[in-house]
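Just so you know, the sequences run in chain order A and B.
Be aware that the first sequence starts at 22, since it is given in my numbering, and climbs by one per residue.
Be aware that the second sequence starts at 22, since it is given in my numbering, and climbs by one per residue.
Mixed in with the good hints, there may be bad ones.
Repeated chains share a single entry, so a pair holds when one copy, or any two copies, can fit it.
[Claimed, not checked] Here are the simulated DSS-like cross-link-like pairs (lysine-lysine), alpha carbons at most 30 Å apart as the crow flies: (1) LYS234 / LYS47; (2) LYS47 / LYS105; (3) LYS30 / LYS234; (4) LYS150 / LYS105; (5) LYS140 / LYS94; (6) LYS139 / LYS94; (7) LYS76 / LYS234; (8) LYS26 / LYS157; (9) LYS144 / LYS105; (10) LYS139 / LYS206; (11) LYS157 / LYS105; (12) LYS47 / LYS157; (13) LYS150 / LYS30; (14) LYS76 / LYS150; (15) LYS140 / LYS85; (16) LYS206 / LYS47; (17) LYS150 / LYS85; (18) LYS157 / LYS94; (19) LYS139 / LYS150.
Please keep in mind that the hints were generated in silico from the structure rather than gathered at the bench.
Each chain, letter by letter, is given below.
Number of protein chains: 2
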Amino acid sequence: MHRFKIGSKTADAFIIRDDEFYHLVKVLRLRQGDQVAGFDNSGAQWQGIIESIDKDSAVCRIMKEEFPGVEAKTAVYLVMGLAKGEKMEWVIQKGTELGMAGFIPLRTQRAVLQLEGKKAGEKVARWQKIASEAVKQSRRVVEPEVTQIADWGDLERILPPETQWLIPYEDETNNSLSNTLDGFKAEYPIAILIGPEGGFTPAEVSGARERLKASSVSLGPRILRTETAALTSLIMVLTHFGDLG
Amino acid sequence: MHRFKIGSKTADAFIIRDDEFYHLVKVLRLRQGDQVAGFDNSGAQWQGIIESIDKDSAVCRIMKEEFPGVEAKTAVYLVMGLAKGEKMEWVIQKGTELGMAGFIPLRTQRAVLQLEGKKAGEKVARWQKIASEAVKQSRRVVEPEVTQIADWGDLERILPPETQWLIPYEDETNNSLSNTLDGFKAEYPIAILIGPEGGFTPAEVSGARERLKASSVSLGPRILRTETAALTSLIMVLTHFGDLG
Numbered sequence: 022m023h024r025f026k027i028g029s030k031t032a033d034a035f036i037i038r039d040d041e042f043y044h045l046v047k048v049l050r051l052r053q054g055d056q057v058a059g060f061d062n063s064g065a066q067w068q069g070i071i072e073s074i075d076k077d078s079a080v081c082r083i084m085k086e087e088f089p090g091v092e093a094k095t096a097v098y099l100v101m102g103l104a105k106g107e108k109m110e111w112v113i114q115k116g117t118e119l120g121m122a123g124f125i126p127l128r129t130q131r132a133v134l135q136l137e138g139k140k141a142g143e144k145v146a147r148w149q150k151i152a153s154e155a156v157k158q159s160r161r162v163v164e165p166e167v168t169q170i171a172d173w174g175d176l177e178r179i180l181p182p183e184t185q186w187l188i189p190y191e192d193e194t195n196n197s198l199s200n201t202l203d204g205f206k207a208e209y210p211i212a213i214l215i216g217p218e219g220g221f222t223p224a225e226v227s228g229a230r231e232r233l234k235a236s237s238v239s240l241g242p243r244i245l246r247t248e249t250a251a252l253t254s255l256i257m258v259l260t261h262f263g264d265l266g
Numbered sequence: 022m023h024r025f026k027i028g029s030k031t032a033d034a035f036i037i038r039d040d041e042f043y044h045l046v047k048v049l050r051l052r053q054g055d056q057v058a059g060f061d062n063s064g065a066q067w068q069g070i071i072e073s074i075d076k077d078s079a080v081c082r083i084m085k086e087e088f089p090g091v092e093a094k095t096a097v098y099l100v101m102g103l104a105k106g107e108k109m110e111w112v113i114q115k116g117t118e119l120g121m122a123g124f125i126p127l128r129t130q131r132a133v134l135q136l137e138g139k140k141a142g143e144k145v146a147r148w149q150k151i152a153s154e155a156v157k158q159s160r161r162v163v164e165p166e167v168t169q170i171a172d173w174g175d176l177e178r179i180l181p182p183e184t185q186w187l188i189p190y191e192d193e194t195n196n197s198l199s200n201t202l203d204g205f206k207a208e209y210p211i212a213i214l215i216g217p218e219g220g221f222t223p224a225e226v227s228g229a230r231e232r233l234k235a236s237s238v239s240l241g242p243r244i245l246r247t248e249t250a251a252l253t254s255l256i257m258v259l260t261h262f263g264d265l266g
């Protein structure tokens with residue numbers, strides 16, 4: 022069954038509009054009588070039947086409301102240094118499938134990829150679209166937000182003060198991620214800082230430790246690429262709190 | 022320091038030949054006096070200095086022999102249904118970084134990608150090269166083998182009889198991967214069966230349960246793409262046995 026982010030709803034019906042509507046009529050060519058599922062990021066999901074299609078919206082009669090237990094209970098955010106090629110897209114797609122709560126692209130000192138102004142906005146819009154598609158692929162009901170590209174100083178404002186910050190760091194030999202998570206609370210958000218290809222500078226790591234109270238952790242003895250580190254740490258955190266597997 | 026798979030060694034020196042030699046002289050343009058590291062898949066690693074370069078080999082004097090604790094102690098194999106696009110390459114690359122012991126490409130009923138004969142051999146050679154590069158990137162000292170493309174009936178021959186088989190399966194709701202791993206032994210190999218884009222057929226799953234004694238497991242409530250499932254299950258198994266994080 023095809024899944025759509027709904028535009029609005031009443032007690033009996035939900036309405037599909039805009040890009041989602043375009044996708045329904047032009048790409049999928051669905052018609053009156055077809056079954057569809059709708060969600061609105063509240064955690065609920067509705068099974069419906071297309072009742073009518075006019076020139077810019079589809080009205081779907083609700084057959085069933087559900088609260089699928091598909092979302093992770095722990096809110097885990099990926100905060101990733103701008104990386105080249107398709108890496109951001111890859112992490113956003115798979116991070117969404119896996120259950121991340123949100124994604125914050127971060128400007129860092131060693132980042133090769135530079136994004137400002139209009140180009141930055143366009144890139145973020147594209148990344149949000151990827152998250153949106155991955156939500157449907159994975160049958161999630163809440164779409165993670167991809168924020169505008171942040172600088173280090175923005176991070177304290179973007180996530181709440183009780184956020185527990187992790188910084189997987191190549192040079193960290195003492196603290197395993199598993200042990201550090203034992204000291205974390207599942208009810209508070211967790212944010213994972215991932216460096217770009219060149220890694221974080223020592224100044225960035227100590228800045229994160231100071232201002233964000235970030236715990237630097239080791240992901241094990243093998244060197245991981247930035248995108249592998251992002252997914253690995255996300256998977257390990259979600260698994261630790263029972264949200265995966 | 023650049024890392025090379027060595028051709029041969031004596032007590033005092035190791036020799037770099039063939040593709041590795043080409044890479045050393047033509048690509049990296051290293052010279053007499055440069056420091057290099059060598060490994061030979063035995064688990065050892067040697068730090069050396071290039072002593073001489075002739076037309077087809079480089080002799081490197083050994084300064085130090087090490088046994089870096091970089092390899093995973095648990096042998097975990099990924100057995101992946103042939104998938105389209107770059108998915109096999111991604112999984113092989115990142116699986117190697119993460120620490121997998123080997124990779125077996127598998128022909129399955131729903132696989133869209135078909136590979137036979139000469140083309141299959143060429144693809145496997147390419148995949149092995151990707152593993153080889155990822156070994157160097159991650160500073161591993163043992164290169165995982167990518168076997169020739171297997172059919173279901175080959176699997177019992179390729180891995181030893183004590184291998185513990187896992188089959189992450191979308192329709193599995195009862196068994197969590199974590200619980201199943203509690204019943205596994207770290208000393209015996211673990212092999213993870215990953216379906217192609219269309220998944221495994223029910224007949225393939227029951228065949229694996231019967232012939233390989235595979236445990237079908239759930240990776241959680243969200244639907245994962247084939248390549249995400251491959252890495253997720255690998256990460257979860259390695260983490261469970263302390264080989265990651």
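Evaluated hints:
1. Taking the shortest Cα distances, LYS234 and LYS47 never come within 30 Å of each other, neither inside one copy (49 Å) nor across copies (47 Å).
2. Taking CA atoms no more than 30 Å apart as the test, LYS47 paired with LYS105 passes between copies only; the shortest distance there is 26 Å, against 33 Å inside one copy.
3. In this homomeric assembly, LYS30 and LYS234 never come within 30 Å of each other (Cα to Cα): the closest approach is 42 Å inside a single copy and 49 Å across copies.
4. Taking the shortest alpha-carbon separations for LYS150 and LYS105, both the intra-copy value of 18 Å and the inter-copy value of 22 Å come in at or below 30 Å.
5. Within a single copy, LYS140 and LYS94 get their C-alpha atoms no closer than 34 Å, and across copies no closer than 46 Å, so neither meets the 30 Å cut-off.
6. When the C-alpha separation of LYS139 and LYS94 is checked against a cutoff of 30 Å, the pair qualifies neither within a copy, at 35 Å, nor between copies, at 49 Å.
7. For the homomeric pair LYS76 and LYS234, neither the shortest alpha-carbon distance inside one copy (53 Å) nor that between copies (55 Å) is at most 30 Å.
8. For the homomeric pair LYS26 and LYS157, the shortest alpha-carbon distance inside one copy (9 Å) is at most 30 Å, but the shortest distance between copies (44 Å) is not.
9. Taking identical chains as interchangeable, the C-alpha atoms of LYS144 and LYS105 lie at most 30 Å apart whether they share a chain (12 Å) or sit on different chains (26 Å).
10. Within a single copy, LYS139 and LYS206 get their C-alpha atoms no closer than 38 Å, and across copies no closer than 54 Å, so neither meets the 30 Å cut-off.
11. In this homomeric assembly, LYS157 and LYS105 come within 30 Å of each other (Cα to Cα) both inside a single copy, at 26 Å, and across copies, at 20 Å.
12. With identical chains, the CA atoms of LYS47 and LYS157 are at most 30 Å apart within one copy only, with a shortest distance of 18 Å there and 48 Å across copies.
13. Proximity of LYS150 to LYS30 under the C-alpha cut-off of 30 Å is restricted to the intra-copy arrangement: shortest distance 22 Å within a copy versus 53 Å between copies.
14. In the homo-oligomer, the alpha carbons of LYS76 and LYS150 lie at most 30 Å apart inside one protomer (23 Å), although the nearest pairing across protomers, at 53 Å, exceeds that limit.
15. For the identical chains of this complex, LYS140 and LYS85 are neighbours neither inside a copy (42 Å) nor across copies (50 Å), given an alpha-carbon limit of 30 Å.
16. Neither within a single protomer nor between protomers do LYS206 and LYS47 lie at most 30 Å apart by alpha-carbon distance, with minima of 46 Å and 53 Å respectively.
17. In the homo-oligomer, the alpha carbons of LYS150 and LYS85 lie at most 30 Å apart inside one protomer (27 Å), although the nearest pairing across protomers, at 51 Å, exceeds that limit.
18. Taking identical chains as interchangeable, the C-alpha atoms of LYS157 and LYS94 lie at most 30 Å apart only when both belong to the same chain, with a minimum of 19 Å there against 38 Å between chains.
19. Only within a single protomer do LYS139 and LYS150 lie at most 30 Å apart by alpha-carbon distance; the minimum there is 17 Å, versus 40 Å between protomers.
Comparing the model with each earlier hint shows violations of hints 1, 3, 5, 6, 7, 10, 15, 16; every other hint is respected.
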